[in-house]
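> Required output: the full structure, derived from the provided sequences and hints.
First to last, the protein sequences are chains A and B. Under the numbering used here, think of the first position of the first sequence as 1, with each following residue one higher. Under the numbering used here, think of the first position of the second sequence as 1, with each following residue one higher.
Source of the hints: derived by calculation from the structure; they are not laboratory data. You may find that some hints are simply not true.
[As the list claims (entries may be wrong)] Far from chain A, some chain B residues (derived; all Cβ distances over 12 Å): (1) I2; (2) Q75; (3) H97.
[Stated by the list, open to error] Below, a list of computed lysine to aspartate or glutamate pairs in the EDC-like style, where the Cα atoms sit at most 20 Å apart: (4) K184/A x D33/B; (5) K36/B x E185/A; (6) K81/A x D99/A.
Think of the CB as a built atom: it goes at the ideal place given N, C-alpha and C, for glycine as much as any other residue.
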Amino acid sequence: MKRNVLIIGGGPAGIEASRKIRDFGHTPILIEKESHLGGHLAKWHKLFPDGESTEELLNSLTSDMDGIKWFTDTDIVSINKLKHLYVAICSNGISIQADALLFTTGFSMFPAEKKEEYGYGIYNHVITNADLEDFFNTGEDPRIKDPKVIGFVHCVGSRDEKAGNRQCSKVCCATAIKQACEMKELYPDATVYCFYMDLRMFGRKYEDLYLNAQRKYGILFVRGRVSEVSENIEGRLVVKAEDTLIGKPIRVTMDLLVLMAGMSPNGENRDIASMTGVHLGEDGFFMPRDMLFRTTESHSKGIFFAGAATGPKTIPETLNEARAAAMAIDHYFKQEV
Amino acid sequence: MIDFGYNLTPSSTLEIDDANMHLFDELCAMEPDALKCISCGSCAASCTAGVFTDVNLRKVLLSLQRGCEKDLLPQLKSCMLCGKCHIVCPRGINTRHLILSICKIYKI
Chain A
1 MKRNVLIIGG
11 GPAGIEASRK
21 IRDFGHTPIL
31 IEKESHLGGH
41 LAKWHKLFPD
51 GESTEELLNS
61 LTSDMDGIKW
71 FTDTDIVSIN
81 KLKHLYVAIC
91 SNGISIQADA
101 LLFTTGFSMF
111 PAEKKEEYGY
121 GIYNHVITNA
131 DLEDFFNTGE
141 DPRIKDPKVI
151 GFVHCVGSRD
161 EKAGNRQCSK
171 VCCATAIKQA
181 CEMKELYPDA
191 TVYCFYMDLR
201 MFGRKYEDLY
211 LNAQRKYGIL
221 FVRGRVSEVS
231 ENIEGRLVVK
241 AEDTLIGKPI
251 RVTMDLLVLM
261 AGMSPNGENR
271 DIASMTGVHL
281 GEDGFFMPRD
291 MLFRTTESHS
301 KGIFFAGAAT
311 GPKTIPETLN
321 EARAAAMAID
331 HYFKQEV
Chain B
1 MIDFGYNLTP
11 SSTLEIDDAN
21 MHLFDELCAM
31 EPDALKCISC
41 GSCAASCTAG
51 VFTDVNLRKV
61 LLSLQRGCEK
71 DLLPQLKSCM
81 LCGKCHIVCP
91 RGINTRHLIL
101 SICKIYKI
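Here is the structure:
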């Protein structure tokens, strides 16, 4: 029997899960609050470790959407349970009856202006990782003017209790190094610094990316968190940190500072959790049934998760989890019969 | 001048802007592997001379990168070129060769 699955969140997890749910013979209904599918991925330019184009990836993801009903600019207003069915009312007025729910609500970018000491939104040449990807896409950003010295600040809003995020955002180390190399390609004469606490190059080929950044691009790595940024009379940035390997404070003047804003839990997770009774971790991400075997299942019957809704993830991890969630949903339907 | 018994303490901050990196650039041109160091400390931990003297290749290399090598460079005089650091370096840096190049460029 054909079942309806409501997928909330049209990023890579939501798109891939919808396709697989359809392939299993069910009816996916995908809703997305933004005006386009793709989530954060749609705003990015290239991906680590090999610099794959996000545009191509998104095109191949969305090339085959036959049999998937999807709505953009649509929010969830309420979700209620009626016996075995979930009834969701959407902001566009439609109501959807679903046999299972899949939350692919992703993450929110940490608002970098919250770390006021770094001066995002205050100084002219402080940007975020997302701004830089936008610059790579459009070639335009008035804050980037032939920089001679460029800095990357890792862990902005990650591993930081004061910023409300104790967790590591997982992808920023590799992203910072990818972006540092791309900047060096654009501005070969620039000196590029990465300020890191630990370099977490955990994935296959990521360490090679790091090695390449050192050996081929001459990017300089400083272990130490930037303490504060100020602007001098020429409008350049004065960056202070401790070089913890040397054991001394350092000061360096820069023309561009890129803040690696991390992944915060999606603020709407809380509303969804209160509507449906799924568990939320103290970090604000959804809590699966367990962290090893049933990472795509919630504590509530018929509700599933995929992607960064349950914590920071890379793109391949997200896509794999989307497929795993589709399998778990199909399995759930077969057991229900 | 009357001596009031006060003096100024110089700042310990490394001013990266003022560092002269010409010699380091020259070193990297000759030894690009100098940039591969991940500061793991294997070289210093295995160093024969390090047990008896201050010599610490990791620190020297980093100080070159920051342009604050002046005080640390004489350490290398204690190196006996035994090559143990070359054997242990996880990044595969030819440390003996690197030390000789540093000595040549920085005239130790």
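> Verify the proposed pairing of K36/B with E185/A, using a straight-line Cα cut of 20 Å.
Holds, because 19 Å separates the two Cα atoms, which is no more than 20 Å.
> Quick check for students: does the CB of H97/B sit more than 12 Å from each CB in chain A?
holds, 15 Å
> Is the Cα-Cα distance between K81/A and D99/A 20 Å or less?
This hinted pair holds, its Cα atoms lying about 10 Å apart.
> Measure nothing beyond the straight line between the CA atoms of K184/A and D33/B; if it is 20 Å or shorter, mark the hint as holding.
holds, 18 Å
> Over 12 Å to the closest beta carbon of chain A is the bar; see if Q75/B clears it.
holds, 14 Å
> Are all C-beta atoms of chain A more than 12 Å from that of I2/B?
holds, 33 Å
The structure shown violates none of the earlier numbered hints.
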